[in-house]
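Protein chains: 2
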Amino acid sequence: MKQIRIGLLGMGNIGTGTYKTLEMNKALITANTGAELTIVKILEKDLARKRDVRVLPEQFTQEPSDILESPDIDVVIELLGGIEPATGFMLTAMNNGKHVVTANKAAVAANFDKLTNAARSNSVMFRFEASVGGGIPILTALTAPLLANEYEEIRGILNGTTNYILTQMEENGLSYDSALKAAQDRGFAEADPTADVEGHDVANKLSILISLAFGRRVPPENIPTEGITKLTMRDIETAAVDGGKIKLIASVKKRGNDIEYSIKPTFVPNDHPLAGVRNEFNAIFVKGNAVGELMFYGKGAGPLPTGSAVMGDVIEIARAVLR
Amino acid sequence: MKQIRIGLLGMGNIGTGTYKTLEMNKALITANTGAELTIVKILEKDLARKRDVRVLPEQFTQEPSDILESPDIDVVIELLGGIEPATGFMLTAMNNGKHVVTANKAAVAANFDKLTNAARSNSVMFRFEASVGGGIPILTALTAPLLANEYEEIRGILNGTTNYILTQMEENGLSYDSALKAAQDRGFAEADPTADVEGHDVANKLSILISLAFGRRVPPENIPTEGITKLTMRDIETAAVDGGKIKLIASVKKRGNDIEYSIKPTFVPNDHPLAGVRNEFNAIFVKGNAVGELMFYGKGAGPLPTGSAVMGDVIEIARAVLR
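These protein sequence lines map, in sequence, to chains A and B. Just so we're aligned: the first sequence equals residues 274 to 596 in the working numbering. Just so we're aligned: the second sequence equals residues 274 to 596 in the working numbering.
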């Protein structure tokens, strides 16, 4: 049996979800790849945390080079979050001939060219399906089975926190503050929710979608971005009277030879498929000049959905390595 | 520039849509594959038909071997429909070392093992994304980015004709007969609608989904299948009162070590994402043990959406050949 040896950078929520996905579906994943996938080394300081997975103390290291420079690692999964040191670690891994998988939208959006060029020049694979839409396989769809299309438009609900807040305001009449608190209580929002509610998280994701679907680099900070903090119950009620809902929509649209993009609270009529996307779910609506309208719907965050996307990328790499 | 030479079997609606997709997006497809894709030969008797594409008389042949046995063909696209001679043609093509792409759900469902084994033993690729869900890339999703999941359930609206009829009955109060007539007038239903309205078309698609997601062969004729012909306005109205809609749902569900499957008109509550799938659209709802709930939505039929899926498969083959 061929072996694919994985080094994991970071074992917080998403790292644990990834580990758990592999542990839970190990036999299936082995059958699907024709190789045994094993997480042999984990860069993580917090050894005390309760993780509910079987992990041995000797799997942990606090020395990045034990993974990035080890000849015993084939694939590096980067789940540290943040632009640095994550980007530097990924570049080092690729320069050392390792394939890289990440869920890190901030690093991919900030360093798209640097990272994809490093993959090309080192003849390794660099995959980041989990960075947009969590478990929804939107990046694979855009970059493989839909490639016969010219993309005309992409519109997405790309942040579960804000969609949960808006759904609670609309369906249960909660104020913005109460809905935010409910999201925090259910683990859908951070203690400091700024990145979510101001749309910065979405900007990273839209930047990545624009790169893949339109071949342009638009840094997240150059995308006109308006969050949901100024929305009132009155806005939500007015939308309901007008037969629709307010959603935080990230959009990019072809306009002649150029593209237009923005992130802002937007009226969505009730008969549009994006209107039915409730609570913490995400959805991406795509229009191609051959396929017409498509929508992809699912959980945009969470340890196991994200773990599904990360391990999907690793399986894809394992199959390519074995070919 | 590398060349990928394609032979096309059949140039009816779907064949023309496939040809048009390639013609319309040729530059883009060349850029995305790194090769020039050309349909060099077309098996088709009807040369008189108005097709609105640029095709030369010398591209046509009426001799299958001009494609199936020609050393100048790399990929065969089969769009004849029906089990035979389509299956025999695909087997001959693969035995002659050609990759095969098809949209033919009847042939794939009837001969899944024979066709996939022929691909394996000849070391060629056999792809059939367009056979289920038209332009929706559901088969690619199930067999690549979601492979880290054990599938628990798949539920789909897999037939646009019946969904159009049900939507017209529900939204516009049409009787079954009037709604069927409206579907026929808009080109969404055949003159003889039996295969659609009795669920046989869906049975082929569900059989393929079961093969890919659960690794079992269930012939379409063994799937308990009930169409929509016995539905009345009263059923639709009762569903509305109960807060939902009647949809023709194909479903397969894991139950211990076994699976359960059926096709039948089913109550779908309004807050379920499948309830919002209107008119000729299709959608496939998937539940995986890591990713949770996903839904894929789009046009399940039509020349260009199907052409998008067929050409997506050809591009995937071209990229693999070039690697």
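Note that these hints are calculated values from the structure, not bench results. Fair warning: there could be bad hints in the mix.
Note that the list lumps identical chains together, so a pair holds whenever it fits in one copy or between two copies.
With a straight-line cut-off of 27 Å between C-alpha atoms, the simulated DSSO-like cross-links for lysine-lysine are [claimed, not checked]: (1) LYS537 / LYS560; (2) LYS527 / LYS323; (3) LYS503 / LYS318; (4) LYS387 / LYS323; (5) LYS537 / LYS323; (6) LYS560 / LYS318; (7) LYS299 / LYS560; (8) LYS537 / LYS318; (9) LYS527 / LYS293; (10) LYS503 / LYS275; (11) LYS527 / LYS299; (12) LYS275 / LYS526; (13) LYS503 / LYS560; (14) LYS299 / LYS526; (15) LYS560 / LYS293; (16) LYS293 / LYS526; (17) LYS454 / LYS323; (18) LYS537 / LYS275.
Here is what the structure says about each hint:
In this homomeric assembly, LYS537 and LYS560 come within 27 Å of each other (Cα to Cα) only inside a single copy, at 19 Å, whereas the closest approach across copies is 30 Å. Taking the shortest Cα distances, LYS527 and LYS323 never come within 27 Å of each other, neither inside one copy (48 Å) nor across copies (31 Å). Taking identical chains as interchangeable, the C-alpha atoms of LYS503 and LYS318 are never at most 27 Å apart, the minima being 39 Å within one chain and 64 Å between chains. Neither within a single protomer nor between protomers do LYS387 and LYS323 lie at most 27 Å apart by alpha-carbon distance, with minima of 36 Å and 50 Å respectively.
Proximity of LYS537 and LYS323 under a CA criterion of 27 Å is satisfied in neither setting, with 38 Å inside one chain copy and 46 Å between copies. In this assembly of identical chains, the alpha carbons of LYS560 and LYS318 never lie at most 27 Å apart, being 44 Å within a copy and 34 Å across copies at closest. With identical chains, the CA atoms of LYS299 and LYS560 are at most 27 Å apart between copies only, with a shortest distance of 18 Å across copies and 36 Å within one. Taking the closest pair of Cα atoms, LYS537 and LYS318 never come within 27 Å of each other, the shortest separation being 38 Å inside a single copy and 54 Å across copies.
Proximity of LYS527 and LYS293 under a CA criterion of 27 Å is satisfied inter-copy only: 21 Å between copies versus 40 Å inside one chain copy. Taking the closest pair of Cα atoms, LYS503 and LYS275 never come within 27 Å of each other, the shortest separation being 55 Å inside a single copy and 55 Å across copies. Within a single copy, LYS527 and LYS299 get their C-alpha atoms only as close as 43 Å, which misses the 27 Å cut-off; across copies the closest is 18 Å, which meets it. In the homo-oligomer, the alpha carbons of LYS275 and LYS526 never lie at most 27 Å apart, since the shortest distance is 45 Å inside one protomer and 32 Å across protomers.
For the identical chains of this complex, LYS503 and LYS560 are neighbours neither inside a copy (30 Å) nor across copies (36 Å), given an alpha-carbon limit of 27 Å. Taking the closest pair of Cα atoms, LYS299 and LYS526 come within 27 Å of each other only across two copies (21 Å); inside a single copy the shortest separation is 41 Å, beyond that limit. Taking the shortest Cα distances, LYS560 and LYS293 sit within 27 Å of each other only across copies (17 Å), while inside one copy they are farther apart (35 Å). Taking the shortest alpha-carbon separations for LYS293 and LYS526, only the inter-copy value of 23 Å comes in at or below 27 Å, while the best intra-copy value is 38 Å.
When the C-alpha separation of LYS454 and LYS323 is checked against a cutoff of 27 Å, the pair qualifies only within one copy, where the shortest distance is 25 Å, while the shortest distance between copies is 62 Å. In the homo-oligomer, the alpha carbons of LYS537 and LYS275 never lie at most 27 Å apart, since the shortest distance is 48 Å inside one protomer and 44 Å across protomers.
The structure fails hints 2, 3, 4, 5, 6, 8, 10, 12, 13, 18 (numbered hints given earlier, in ascending order).
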